[in-house]
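Quick note: to get this note's numbering, add 21 to the position in the sequence shown (first position is 1).
Wrong hints could be hidden among the right ones.
[As the list claims (entries may be wrong)] EDC-like mimics (lysine to aspartate or glutamate), calculated; alpha carbons at most 16 angstroms apart, straight line:
1. K176 <-> E142
2. K200 <-> E81
3. K125 <-> E142
4. K116 <-> D169
Rather than coming from a laboratory, the hints here were simulated on the basis of the structure.
Remember, predicted model here, so these are calculated numbers, not experimental data.
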Amino acid sequence: MHIFKIVIISCILLVCLTTCTVFKKEIKKPVTVSLIGSVSPSIWKNSNYNKYVVLHSPEEISTSFLKGFEAEANSTKNVSLSYNNENADFVLSVKLLSITESSKVETINDSKSPYNGQQIELNTVDCSVQITIVNTKNKTKHLMDCSDIKSRSEKVKNNRDLGDLITGSNKDRTRYRTKLLSDNICVSLAEDVGRRVWVPITRRISKNLK
Numbered sequence: 022m023h024i025f026k027i028v029i030i031s032c033i034l035l036v037c038l039t040t041c042t043v044f045k046k047e048i049k050k051p052v053t054v055s056l057i058g059s060v061s062p063s064i065w066k067n068s069n070y071n072k073y074v075v076l077h078s079p080e081e082i083s084t085s086f087l088k089g090f091e092a093e094a095n096s097t098k099n100v101s102l103s104y105n106n107e108n109a110d111f112v113l114s115v116k117l118l119s120i121t122e123s124s125k126v127e128t129i130n131d132s133k134s135p136y137n138g139q140q141i142e143l144n145t146v147d148c149s150v151q152i153t154i155v156n157t158k159n160k161t162k163h164l165m166d167c168s169d170i171k172s173r174s175e176k177v178k179n180n181r182d183l184g185d186l187i188t189g190s191n192k193d194r195t196r197y198r199t200k201l202l203s204d205n206i207c208v209s210l211a212e213d214v215g216r217r218v219w220v221p222i223t224r225r226i227s228k229n230l231k
């Protein structure tokens, strides 16, 4: 029974990791797709103390986005991706790519904890993209923009960490700490949305090939 649970969890994780592939629409005949223009991300610093967006340049964000974008395009059957080719069957342009760091205050509500009532500021990083798509063979036909957004937030945790296990402390889980995000969260999210935005892109293309 334990092995069965492990298999089920592994399958769920595999599906989550391959979400873009799972939900992409099949492109049934060869098409050329070209990304026109530059990718210039906007970086918004909306938290009281910015920890993550200050770690990467716009160029690094752009490079990471294109890494995910190209990888997913190249794994999409019947799609040939190029750049700045106005004669491609479908022309894409990045209307918006943004990274935003914001913050919120969370209050610990645990009467047994010495941290009860303490307010902790938690930061969130969002990455969003919006892409316009034009069918060059029929420019009078309006295609909806393609978009994707992904977020990650710091969290307040009271579970025992490795240090607690070694020292035998925090057995009652009344000690709270902030679980930070990784230093590369901005470039990681940019790469993810670069991959994930191919879900709506393939749906638009597939619909317009009918």
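Numbered hints the structure breaks, given as an ascending list: 2
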